Amino acid sequence: MTDFRQQALDYHEYPSPGKISVELTTPAETSKDLALAYSPGVAEPVREIAQDPDNAYRYTAKGNMVAVISNGTAILGLGNLGPLASKPVMEGKALLFKRFAGLDSIDIEVSHRTTQDFINTVANIADTFGGINLEDIKAPECFEIEQALIERCNVPVFHDDQHGTAIVTAAGMLNALEIQGKKLADSRIVCLGAGAAAIACMELLIKCGAQREHIYMLDSKGVIHTRRDDLNEYKQLFANNTDKRTLKDVIDGADIFVGVSGPDLLSPEELKLMAPNPVIFACSNPDPEIKPEVAMAARDDLIMGTGRSDYPNQVNNVLCFPFMFRGALDVRATAINDEMKVAAVEAIRQLAKEEVPESVLKGAGEKSLTFGRDYIIPKPIDPRLCQRVARAVAEAAVKSGVAKIDMPDNYMMD
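Residue numbering for the sequence shown follows the UniProt record's numbering, starting at 1 and increasing by one per position.
If you are wondering where the hints come from, they were derived from the structure by calculation, not from laboratory data. Treat each hint with caution, since some may be false.
As the list claims (entries may be wrong) - In silico DSSO-like cross-links for lysine-lysine, where the CA-CA straight-line distance does not exceed 27 Å:
| hint | residue 1 | residue 2 |
| --- | --- | --- |
| 1 | K183 | K244 |
| 2 | K183 | K235 |
| 3 | K291 | K182 |
| 4 | K221 | K244 |
| 5 | K183 | K138 |
| 6 | K362 | K19 |
| 7 | K291 | K248 |
| 8 | K353 | K367 |
| 9 | K183 | K291 |
| 10 | K207 | K182 |
| 11 | K183 | K207 |
| 12 | K362 | K98 |
| 13 | K399 | K207 |
| 14 | K248 | K183 |
| 15 | K291 | K399 |
| 16 | K291 | K404 |
| 17 | K138 | K235 |
| 18 | K404 | K367 |
| 19 | K138 | K291 |
| 20 | K399 | K353 |
| 21 | K272 | K244 |
| 22 | K221 | K248 |
| 23 | K221 | K235 |
| 24 | K138 | K272 |
| 25 | K291 | K221 |
| 26 | K98 | K138 |
| 27 | K207 | K404 |
| 28 | K19 | K138 |
| 29 | K272 | K291 |
| 30 | K272 | K183 |
| 31 | K32 | K183 |
| 32 | K272 | K182 |
Since the structure is predicted, the reported quantities are computational estimates derived from the model, not experimental observations.
Generate coordinates for the entire structure from the input sequences, incorporating the hints supplied.
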């Protein structure tokens with residue numbers, strides 16, 4: 001672990017500090033180049049954009065640029081360490097945008113006194129970018145922030161901790177249930193955790209067919225039920241009219257367990273109480289709610305996913321967010337709506353059912369991967385993800401009326 005810590009620090013310090021930089025896309029060698037790049041030539045696109053703001057997509061980098069914005073109040077599993085401490089994570093997000101979807105990205109860390117200050121700051125700079133990716137903002141403020149920015153901004157706003165997690169979870173969950181011979185609409189779901197990711201996951205599962213009354217959500221005080229008087233408006237949406245109060249109470253007979261909480265909170269004894277052929281997504285990182293080896297020792301009829309790359313079925317947001325923005329920006333979407341999220345779920349889900357290319361097997365260090373218990377979600381390094389997810393998202397944006405232009409001819413075709 002000490003060696004890995006030093007490797008991580010060296011990675012971020014050398015050969016130059018950080019993980020991203022700015023590169024030039026046009027010549028800047030001669031006096032004429034400089035005259036075109038800046039004064040007096042730059043005046044021409046300025047005039048064009050002043051006449052029609054959409055010309056910014058023609059003459060600037062706006063259409064391929066995403067801002068990754070945080071206030072550092074919920075950094076990975078580290079908590080509220082402040083805006084500046086979140087910068088390595090936000091640079092990492094920018095790296096992933098570029099690596100997987102060819103999108104330029106810049107990180108912005110915001111210091112603020114009130115939630116409204118943060119909202120105003122982001123709204124006032126939003127038109128600079130083609131899209132806004134919110135990151136590592138604690139609940140419940142993240143819900144208010146995202147909704148306010150969606151209403152105020154003319155570009156798509158997406159809180160990845162909520163919706164990226166939800167999209168990948170839903171894709172894997174639907175595939176796992178199919179293998180287990182179950183239907184989402186009939187399944188009883190236990191969700192351990194009630195923060196941003198948990199609430200978004202459950203809301204998207206409902207849009208995919210789950211029944212709200214079949215969901216039991218727990219926070220640090222136990223089951224969220226209708227007789228509690230300490231619930232915020234977001235938790236109240238999942239207040240169940242039940243006498244059950246503990247994880248042991250609600251896990252008995254459940255078909256699905258989704259963990260977005262903390263390590264080792266689901267015991268083997270509780271796991272044994274679940275219905276036959278259960279689905280377990282234990283996504284706390286780096287240590288899941290129950291370790292796969294412990295779960296498999298308790299029963300052998302389950303399908304398991306975690307947030308870790310060293311186990312099968314990794315629930316990884318990189319399967320989603322770069323391509324959500326790629327598709328949204330390519331049709332100049334003004335928002336990322338539910339139709340686009342569900343389209344991404346289906347695209348990711350279907351890709352897992354296809355034959356896996358040799359290049360992906362080699363990159364993943366696998367001899368074979370076939371749709372089944374240990375392969376319900378594509379590998380993050382699968383190059384087909386960009387094509388499939390971006391195209392599905394772009395199509396959904398056009399059909400749902402949030403795209404400002406039609407899909408380009410032959411967009412993301414094989």
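Hint-by-hint comparison with the structure:
1. K183 - K244: With a Cα-Cα distance of about 24 Å, the restraint between K183 and K244 holds, given a limit of 27 Å.
2. K183 - K235: holds (25 Å)
3. K291 - K182: holds (24 Å)
4. K221 - K244: holds (13 Å)
5. K183 - K138: violated (33 Å)
6. K362 - K19: Holds. K362 to K19 sits at ~26 Å (cutoff 27 Å).
7. K291 - K248: Judged against 27 Å, a Cα distance of about 18 Å means the pair holds.
8. K353 - K367: holds (17 Å)
9. K183 - K291: holds (26 Å)
10. K207 - K182: holds (17 Å)
11. K183 - K207: holds (14 Å)
12. K362 - K98: holds (22 Å)
13. K399 - K207: OK: K399 and K207 at ~18 Å, within 27 Å.
14. K248 - K183: Satisfied, since the Cα-Cα distance of roughly 23 Å is no more than 27 Å.
15. K291 - K399: violated (42 Å)
16. K291 - K404: With a Cα-Cα distance of about 46 Å, the restraint between K291 and K404 is violated, given a limit of 27 Å.
17. K138 - K235: Within the cut-off at roughly 14 Å; holds.
18. K404 - K367: Given that 27 Å is the threshold and the Cα spacing comes to 44 Å, the pair is violated.
19. K138 - K291: Cα-Cα ~26 Å, so holds.
20. K399 - K353: Distance of about 26 Å is within 27 Å: holds.
21. K272 - K244: Since the Cα atoms of K272 and K244 sit roughly 18 Å apart, the hinted pair holds (cutoff 27 Å).
22. K221 - K248: Roughly 14 Å between the alpha carbons, so the hint for K221 and K248 holds.
23. K221 - K235: Holds, because 12 Å separates the two Cα atoms, which is no more than 27 Å.
24. K138 - K272: violated (33 Å)
25. K291 - K221: Distance ~23 Å between K291 and K221 Cα, so the pair holds.
26. K98 - K138: This hinted pair holds, its Cα atoms lying about 26 Å apart.
27. K207 - K404: holds (25 Å)
28. K19 - K138: holds (25 Å)
29. K272 - K291: holds (14 Å)
30. K272 - K183: OK: K272 and K183 at ~21 Å, within 27 Å.
31. K32 - K183: Judged against 27 Å, a Cα distance of about 65 Å means the pair is violated.
32. K272 - K182: holds (18 Å)
Violated hints for the displayed structure, listed by number in ascending order: 5, 15, 16, 18, 24 and 31.
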